[in-house]
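Trainee: Chain by chain, the residues run as shown.
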Amino acid sequence: MIAFLKKYEGLWLFVHSPSAIVAAMVATLIILGAIFASWIALVNPYDLASFSLFDGLLPPVWQDGANPKYLLGTDDQGRDMISAILYGARLSLIIGLSALTIAAVIGVGLGLAAGYYGGRFDAVVMRIADVQLALPAILTALLIDGIARGILPAAIQQDLRVAVLTLAIALSLWVNFARTARATTFVQMNKEYVQAAIMMGQRPSRVMFVHILPNILGPLLVIMTVDLASAILLEATLSFLGIGLPADSPSLGTLIRIGMQFMLSGEWWILWIPTLFLIALVVSINILGDFLRDIFNPRLR
Amino acid sequence: MLTIKDLTVKFPSRFGDFSAIEGVDMTIKPGEIHGLVGESGAGKSTVGAAVIGLLQAPGYVANGILTLGDTDLRDLTAAQAHEVRGDRISMIFQDPQTSLNPLMTIEDQLVETIQAHSDASKTAARRRAVDLLEDIGIQNASQRIKAYPHQFSGGMRQRVVIALAICTDPELIIADEPTTALDVAVQSQVLDLIKQLARERQIAFMLITHDIGVIAQVANRVTVMRKGRVVETGDTAQVLGAPKHPYTRALMDAVPPLDQKIDRFRVPAADDTAVMQGDTAERWLLEGQQYGLTGLALENLTVTFTGQRTSLFRKPSHYVALEDVTLTIRPGSIMGLVGESGSGKSTLAKAITGLVTPTYGTMILGDTVLPFGSSRSRHHSSRQLVQMVFQDPYSSLNPRHRIGDILTEPLRFYGFVKDPAERTSLAASMLSLVGMQPDAIIKYPHQFSGGQRQRIAVARALLARPRFLICDEPTSALDVSIQAEILNLLKELQARFGLTILFISHNLAVVRQMADDTAVLRNGKIQEVNTTEVVYQSPQAKYTKSLLAQTPEMPKSWRH
Amino acid sequence: MVYFIVKRMIQSVFVMLAVAFLAFSLFRFVGDPITQMTGVETSVVDQERLREELGLNDPFVSQFIRFTGDMLQGDFGYSYRTRQPVADMITERVPATLELGVVALIISLLVGVPAGVYTALKPRGIWTQTILMTTLVGVSVPTFVIGIMLIFLFGVQLGWLPTFGRGGTVQIGNWESSLFTFSGWRALLLPAITLGVYQLTLTMRLVRAEMMEVMRSDYIRFAMARGVPMRKLHYKHAMVNTMVPVITIIGLQFGGVIAFSIVTESVFQWPGMGLLFLESIRFVDIPVMGVYLVVIAFFFVLVNLVVDLLYVAIDPRLRLRELE
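Protein chains in written order, with my numbering: chain A, 1 to 301; chain B, 1001 to 1560; chain C, 2001 to 2324.
The reader is advised that the hints may include incorrect statements.
[Said to hold, decoys possible] Under the rule of at most 30 Å between Cα atoms (straight-line distance), these lysine-lysine pairs were calculated in the DSS-like manner: (1) B:LYS1261 / B:LYS1010; (2) C:LYS2232 / B:LYS1315; (3) B:LYS1491 / B:LYS1443; (4) B:LYS1525 / A:LYS191; (5) B:LYS1491 / A:LYS191; (6) C:LYS2236 / C:LYS2122; (7) B:LYS1195 / B:LYS1525; (8) B:LYS1556 / B:LYS1261; (9) B:LYS1005 / B:LYS1244; (10) B:LYS1005 / B:LYS1029; (11) B:LYS1010 / B:LYS1227; (12) A:LYS191 / B:LYS1029; (13) B:LYS1418 / B:LYS1443; (14) B:LYS1545 / B:LYS1556; (15) B:LYS1227 / B:LYS1443; (16) B:LYS1146 / B:LYS1122; (17) B:LYS1146 / C:LYS2236; (18) B:LYS1122 / C:LYS2007; (19) B:LYS1315 / B:LYS1261; (20) B:LYS1029 / B:LYS1010; (21) B:LYS1195 / B:LYS1227; (22) C:LYS2007 / B:LYS1010; (23) B:LYS1227 / B:LYS1029; (24) B:LYS1029 / B:LYS1195; (25) C:LYS2122 / B:LYS1315; (26) B:LYS1146 / C:LYS2232; (27) B:LYS1418 / B:LYS1195.
[Said to hold, decoys possible] With beta-carbon atoms standing in for the labels, derived distance ranges: (28) C:ILE2005 / B:GLY1016: 19 to 27 Å; (29) C:ILE2005 / B:GLY1415: 48 to 56 Å; (30) C:ARG2051 / A:ILE151: 13 to 21 Å.
By construction, these hints were calculated from the structure, which means they are not laboratory data.
We put the beta carbon where it would ideally sit given N, CA and C, even for glycine.
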């Protein structure tokens, strides 16, 4: 009954929670926009031929001097703002989701094993995690970037930008997954169904993935939403600092960095449109994350 | 002087209001120990919480009269109600460990409580606290009082809790399962203490418990509750000895007696879902019986655990869980293993099943020596021949697997049945054999009650076609009436399929009912081993004798 | 307990060694130190001689030992970019970052802890809902956006506060502090708030969650049943018990503050370690990068160690053993 009620209850709570609904709608819109960017957008911000400087610095449609073709105006290069943020969101999401997946696979795998085997293996994993934790996320990301810059020949640096960024962010996130997976695995190890499986003589990998894993998914799911928000923020921060994605394939962070140049000169939309968009995206993810957390922890209701 | 009339407590939920208790009547006089007994979900804790005004939100008192002496308890402001708490009514809970603030000394907690309800100075309050602790039986109170809660043992902690409850001289104390978490000896002392307090200080007690033996031992009067309503109330001797209501009668029938062995518990016919059909499963199990009856012999079994390192210079301390255990379980019989918490009974089960590695000794199953835990191969025959039924029905089945998957797992793993469809039908048949509907196959564990889950656990164990079954406190988490059904089921299965069973429990009465032979375990050492009759009628070991004496039970004179 | 302390210290040393190893690997394997230092004019022969002199042909382990030894003595090598000793460059910048970090942390604690306690004790109040909504947004807005917004509002539109630099500074021994001048404080305000906001929201959420958990515990219920005055219940019992797990997280947050200072320093052009690090990344100035790594890890490990020890000091369960 509980799984059914949970589903039912989850749905009921969702339907009665206005913030969750709004958040889901916003998030869906943004995600859909990002996915279908190439169809919706007027210009492809990466294709240098598709826009021109002459269209540059046009304000949004409700101000004087606007071109109705570009609803939210254009930036200094002549790129349509709407297209820019859609493509930017897409990049941010791709990087965020990939980094998250890598971090999750590594983190959960290590955490599960550490919880199951305990002893020395656990101690080793925890020490590695300690070292990783001694270096805060931004630092790790910056370091990886710096190292890549130092090691890779300049030619392929640009192409590998996205991969390096993804790896950097993933490395800063895996510890979260590992710790949670480990803690929840410890709890499950004391449960009798796990002891029954071990007693039966089942392979460790089967006990871990068929028996334990389905039972620790709840808290992991909550972490995933929180970390997705972190990953997106981290990527935006890196791009803002100039170390992430460059101006010719901009993510939302890069757009904000570009926009900052125009903060004092009156072309406010180049800065604030991407900013608001980023905030909207992350806020909706966080609301959904909070919502999920409340579902999995009924006592907090 | 506590009067409850027509009390109704409701909990609003999105599905409508749910009545936790309805129309409850009760009176308790000064110095009276009033037992409130019922199975889980009966609403007994709710009654206590309502009286002291600590209902879990969003519960509320929908109806009824609650008076303590001249005071109408429902007609108080929040501040006044909080004044009454501690001053006139107090409450103690089940777990002494979590009832005390771990970061404050006992002294601080006592002094704070005393000062909250009187004008005593700190020194005076301190003196009162020390005197109180001595009264309650804590020696060296003036030194002990400076300690923190975690430094006391369980029994001592519960005494401290009681001290905290009486230090303000209340008229009524509500005790919610106060001895359930305690060992038999400690429980006995705490119950004596309660009797003493009621007698000497004329404190009234509302003693909430599910343990009928406890009621029989200390309560003057008793109220029986079921599903939120009062079923019967009266003098203890009458209600327990000659119950009027059919529910009370059925309840008393289900209580295992300590002084005799009955063949099968009397269970209401409608609820009797002990062994039913299940021909396929039955035939399949009987096939396995041709391998004969299997006994288990343990010789000098010793299990030592190395503790955590706590000091740079001293080696980590050793903890001897089992010492020199020698035991023979006759093929086809039921051996009962009795012991309190920490006696090592679970460790014994884990040693036999290979979850724990013994330091020394021999284990012989049938005629094969069992390899020790870490060296036992995953495919060793004992992994199939020895199966276990665990204590906690809520954690012994994987919550994310369907019943069908849980049941067919042993069939698949041990290679008994190759065809998936055949496996499912065998599993369904086994479900019927243990008294469940076969359609449970597609459901999830949380859709079932504790008793039903234990049946499923038994079915799973049987689907490995074991010859030896370990039951580790299989009914300790179940209500008394459900316990009776499960015990009946186990007896029936054992008789029909020639299983050898090691039945572990801390409940002496239950072991009496189940076991042919009994072993008594204390601190890892066997105190006594003999046939059940001998151990219970003429025990040799001092420990056994005191255990039997301290187990609360209903006097024979009451039973008709 | 002594054993516990020793064990923790050994763990810390291990972590530091691992980080030093990482930094060392950076030095050795990312780019060629010789080419960085000498430029294209130097002949190959001279480069080889330099390599031999600097001991760059020695076995890996001995180089690592030398590296660690040097570090312990305060010799951090020379920057590729400025040719100055890294040690000087960093010590020059440490005060700025530390002052910023500490002020930000204080802000986050002074606001975050009371807010957390309040929202836990009055879960349905209108203020609670407002605070919760605000913190949700606070957690979702990246630090640099907050910085930009503050600059825009207070610096550009209102013109009340400066938008870059440290303001006037005072030299105390080796330490160049901006806390003693009015202009120093004016310059510190916006960056500190920016840095503190994120920490604040985290702290508040944490304190709230812990407090709500504690309020549900049995000993609180028992204290209520005994009629302990509500005020005492909330503060002496609940809040004190909440602080214990919160302390550990605060320790971690300090590390986060130092790290996030990179972003804040960038936005406000605050001359601290973070800005230095950013520049070093841009120029692939390996020595500075490596040393920054070690310094940050050191702060982190130190803070965590102190927090762990504090934990033991406060929680009697870890200190004292059973009486019987």
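Trainee: Confirm or reject each hint.
Mentor: Structure-based check of each hint:
1. B:LYS1261 / B:LYS1010: 43 Å, violated
2. C:LYS2232 / B:LYS1315: 44 Å, violated
3. B:LYS1491 / B:LYS1443: Holds, because 27 Å separates the two Cα atoms, which is no more than 30 Å.
4. B:LYS1525 / A:LYS191: OK: B:LYS1525 and A:LYS191 at ~27 Å, within 30 Å.
5. B:LYS1491 / A:LYS191: Between B:LYS1491 and A:LYS191 the Cα gap is close to 27 Å, so the pair holds against 30 Å.
6. C:LYS2236 / C:LYS2122: 17 Å, holds
7. B:LYS1195 / B:LYS1525: Answer violated: B:LYS1195 to B:LYS1525 is near 33 Å, above 30 Å.
8. B:LYS1556 / B:LYS1261: The given pair, whose Cα atoms are some 14 Å apart, holds under the 30 Å limit.
9. B:LYS1005 / B:LYS1244: Between B:LYS1005 and B:LYS1244 the Cα gap is close to 21 Å, so the pair holds against 30 Å.
10. B:LYS1005 / B:LYS1029: 15 Å, holds
11. B:LYS1010 / B:LYS1227: Given that 30 Å is the threshold and the Cα spacing comes to 13 Å, the pair holds.
12. A:LYS191 / B:LYS1029: 45 Å, violated
13. B:LYS1418 / B:LYS1443: 23 Å, holds
14. B:LYS1545 / B:LYS1556: Given pair B:LYS1545, B:LYS1556 holds - Cα atoms ~18 Å apart, limit 30 Å.
15. B:LYS1227 / B:LYS1443: Holds - the C-alpha atoms of B:LYS1443 and B:LYS1227 are around 26 Å apart, at most 30 Å.
16. B:LYS1146 / B:LYS1122: With a Cα-Cα distance of about 14 Å, the restraint between B:LYS1146 and B:LYS1122 holds, given a limit of 30 Å.
17. B:LYS1146 / C:LYS2236: 18 Å, holds
18. B:LYS1122 / C:LYS2007: 41 Å, violated
19. B:LYS1315 / B:LYS1261: Given that 30 Å is the threshold and the Cα spacing comes to 49 Å, the pair is violated.
20. B:LYS1029 / B:LYS1010: Within the cut-off at roughly 27 Å; holds.
21. B:LYS1195 / B:LYS1227: Holds - the C-alpha atoms of B:LYS1227 and B:LYS1195 are around 29 Å apart, at most 30 Å.
22. C:LYS2007 / B:LYS1010: Distance of about 54 Å is beyond 30 Å: violated.
23. B:LYS1227 / B:LYS1029: 25 Å, holds
24. B:LYS1029 / B:LYS1195: Roughly 14 Å between the alpha carbons, so the hint for B:LYS1029 and B:LYS1195 holds.
25. C:LYS2122 / B:LYS1315: 50 Å, violated
26. B:LYS1146 / C:LYS2232: 20 Å, holds
27. B:LYS1418 / B:LYS1195: 63 Å, violated
28. C:ILE2005 / B:GLY1016: 19 to 27 Å: Violated - the Cβ-Cβ distance for C:ILE2005 and B:GLY1016, about 58 Å, lies outside 19 to 27 Å.
29. C:ILE2005 / B:GLY1415: 48 to 56 Å: Since the Cβ atoms of C:ILE2005 and B:GLY1415 sit about 54 Å apart, the hinted range of 48 to 56 Å holds.
30. C:ARG2051 / A:ILE151: 13 to 21 Å: About 20 Å separates the Cβ atoms of C:ARG2051 and A:ILE151, which means 13 to 21 Å holds.
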